[in-house]
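J.: Using the sequences provided together with the hints, build the complete structure.
There are 2 protein chains.
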Amino acid sequence: MLIPQPQQGTLSDIATHKLAQSIVTGELAQGQKLNEAELAERFGMGRGPLREALRHLEGMRLVKRTPNAGARVVILDRKTLSDLYAVREALEGMACRIAASQMSDEDIAQLGALLDRHETQIEKQGGKVYAQSEGDLDFHYQIARGSRNQMLMDLLGSEQYQLLRMCRYRTSRNAERTKPALSQHRQIVDALANRDGELAELLMRRHIQGAWRSISEMIDKEEQAK
Amino acid sequence: MLIPQPQQGTLSDIATHKLAQSIVTGELAQGQKLNEAELAERFGMGRGPLREALRHLEGMRLVKRTPNAGARVVILDRKTLSDLYAVREALEGMACRIAASQMSDEDIAQLGALLDRHETQIEKQGGKVYAQSEGDLDFHYQIARGSRNQMLMDLLGSEQYQLLRMCRYRTSRNAERTKPALSQHRQIVDALANRDGELAELLMRRHIQGAWRSISEMIDKEEQAK
DNA sequence: TTTAGTCACTTTGTCGACAATCGGAGTTTC
DNA sequence: GAAACTCCGATTGTCGACAAAGTGACTAAA
Numbered sequence: 017m018l019i020p021q022p023q024q025g026t027l028s029d030i031a032t033h034k035l036a037q038s039i040v041t042g043e044l045a046q047g048q049k050l051n052e053a054e055l056a057e058r059f060g061m062g063r064g065p066l067r068e069a070l071r072h073l074e075g076m077r078l079v080k081r082t083p084n085a086g087a088r089v090v091i092l093d094r095k096t097l098s099d100l101y102a103v104r105e106a107l108e109g110m111a112c113r114i115a116a117s118q119m120s121d122e123d124i125a126q127l128g129a130l131l132d133r134h135e136t137q138i139e140k141q142g143g144k145v146y147a148q149s150e151g152d153l154d155f156h157y158q159i160a161r162g163s164r165n166q167m168l169m170d171l172l173g174s175e176q177y178q179l180l181r182m183c184r185y186r187t188s189r190n191a192e193r194t195k196p197a198l199s200q201h202r203q204i205v206d207a208l209a210n211r212d213g214e215l216a217e218l219l220m221r222r223h224i225q226g227a228w229r230s231i232s233e234m235i236d237k238e239e240q241a242k
Numbered sequence: 017m018l019i020p021q022p023q024q025g026t027l028s029d030i031a032t033h034k035l036a037q038s039i040v041t042g043e044l045a046q047g048q049k050l051n052e053a054e055l056a057e058r059f060g061m062g063r064g065p066l067r068e069a070l071r072h073l074e075g076m077r078l079v080k081r082t083p084n085a086g087a088r089v090v091i092l093d094r095k096t097l098s099d100l101y102a103v104r105e106a107l108e109g110m111a112c113r114i115a116a117s118q119m120s121d122e123d124i125a126q127l128g129a130l131l132d133r134h135e136t137q138i139e140k141q142g143g144k145v146y147a148q149s150e151g152d153l154d155f156h157y158q159i160a161r162g163s164r165n166q167m168l169m170d171l172l173g174s175e176q177y178q179l180l181r182m183c184r185y186r187t188s189r190n191a192e193r194t195k196p197a198l199s200q201h202r203q204i205v206d207a208l209a210n211r212d213g214e215l216a217e218l219l220m221r222r223h224i225q226g227a228w229r230s231i232s233e234m235i236d237k238e239e240q241a242k
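Chains as they are written, first to last, in this note's numbering: chain A, 17 to 242; chain B, 17 to 242.
Just so you know, not all the hints are guaranteed correct.
Put simply, identical chains are the same to the list, so a pair is met inside one copy or across any two.
[Claimed, not checked] Straight-line Cα separation of at most 20 Å, EDC-like style, residue types lysine to aspartate or glutamate; simulated pairs: (1) Lys-95 - Asp-170; (2) Lys-237 - Asp-93; (3) Lys-80 - Asp-29; (4) Lys-140 - Asp-121; (5) Lys-49 - Asp-93.
The hints are simulated quantities; they were obtained by calculation from the structure and are not laboratory data.
T.: Pasting the structure below:
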């Protein structure tokens with residue numbers, strides 16, 4: 017669902033998807049040079065479609081191109097992530113506010129059920145946080161969908177925010193935040209159920225601010241370590 | 017400044033720029049089919065660079081592609097514009113809040129000077145609203161820059177928001193809104209000067225909501241007319 | 001030893017041609 | 001007369017090859 021199309025459409029789309037996946041999961045290291053000919057051969061296609069895919073990825077901010085010097089995987093430094101979380105706070109807050117008036121009762125109930133699944137998942141396997149992480153993204157994406165705002169959905173969901181997934185893969189081991197995060201999610205769903213858009217926005221913004229603090233501390237530790 | 021690069025770099029970049037300009041100004045009508053071969057010849061280049069440009073424009077949401085059926089200029093319907101203004105409200109509000117703490121005193125002074133220039137411009141020529149319209153964009157972009165958030169700048173400025181310029185070209189004749197808009201701009205600059213981020217955000221959000229109401233009414237009239 | 005210059009190689013940018021797919025006109029059949 | 005089928009033209013998707021720009025190593029001089 018978060019991964020657009022598995023393996024259909026034009027070669028360019030396939031390449032876009034495969035590269036995005038490789039970048040997000042860290043298979044392609046940050047800052048790594050992307051050689052057109054090499055990648056084209058690995059994917060079994062010509063350089064034309066691959067170049068189009070790189071352009072597409074550039075639009076997603078997953079790669080950075082410089083004329084006559086090729087493409088490199090973006091580098092998620094502290095500043096970039098900080099900027100990302102500020103944008104998230106604004107967009108997801110807005111999504112929450114609108115969703116409170118736009119989602120159907122059934123939508124909200126399903127959101128609650130999603131959280132139930134997360135809860136059992138967390139209790140069963142404290143270690144495998146990855147699932148929660150992707151599940152968490154799912155929660156946020158469902159709210160974006162709830163806003164019925166196609167642009168918000170594009171920005172938060174399928175297209176732009178692969179960066180966020182990339183960040184998650186890097187810092188997915190903060191298991192201690194899964195429980196407060198789930199609790200915050202529940203609060204948000206409650207606010208949505210009460211049709212209180214302002215509160216839902218406030219809670220979402222706090223939730224994202226908290227997530228950023230957590231990530232920020234982790235980066236500090238990493239930088240301290242080396 | 018709002019138009020990335022005039023005529024340098026790769027052919028693909030040139031094509032991107034020219035097409036974006038043509039779409040924004042309405043030279044290419046909404047929903048118009050974009051024939052690759054024809055455009056390539058008109059720009060004096062092969063189809064390769066042009067296809068890359070179309071991919072880029074797709075990322076900017078200026079064109080919509082469907083596999084095996086080519087690209088068409090996007091259609092700015094009421095829903096799309098409504099979505100756009102909601103996103104703007106969230107992003108520019110956030111930009112304002114951050115800018116209040118990040119802009120230098122000099123930056124803010126320059127922003128005030130920009131408004132002075134707008135004022136004299138409006139008084140001189142009530143008719144030529146276009147200049148104000150682009151100038152207004154400039155005001156908003158300067159605040160995005162003031163946030164020192166590269167992602168906000170990208171989203172609001174150079175890249176994504178060509179859609180907004182497109183909208184302006186369509187509905188640039190609401191001269192009656194230039195004066196209240198300028199007054200609202202002044203209020204925002206005052207809030208920034210006082211380093212009151214919360215107020216600046218509030219004012220900006222209201223300003224954008226007001227702009228949307230104005231545009232929305234205009235669309236209503238248009239639809240009524242036909 | 002360091003630095004400047006040159007040269008060859010690698011990689012990107014671009015083009016033209018071929019294959020696959022889609023839309024529509026014309027024809028056939030019920 | 002209307003619906004479905006077929007075929008043809010047009011357009012998109014893809015590939016291989018060539019030209020241009022950048023990168024790095026090697027040589028030679030200070």
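J.: Evaluate Lys-140 and Asp-121 at a C-alpha cut-off of 20 Å and name the case that applies: within, between, both or neither.
T.: neither (29 Å within a copy, 55 Å between copies)
J.: Between copies, within a copy, both or neither: which fits Lys-49 and Asp-93 at Cα up to 20 Å?
T.: within (17 Å within a copy, 41 Å between copies)
J.: Which holds for Lys-80 with Asp-29 at a C-alpha limit of 20 Å: within a copy, between copies, both or neither?
T.: both (18 Å within a copy, 14 Å between copies)
J.: Measure nothing new, just compare the shortest in-copy and cross-copy C-alpha distances for Lys-237 and Asp-93 to 20 Å and report within, between, both or neither.
T.: Classified as within: same-chain Cα gap 14 Å, cross-chain 49 Å, threshold 20 Å.
J.: One pair to classify: Lys-95 and Asp-170, alpha carbons no more than 20 Å apart. Within, between, both, or neither?
T.: Answer is between: at 14 Å across copies they meet the 20 Å cutoff, but 23 Å inside does not.
Of the hints listed earlier, the one the structure fails to meet is number 4.
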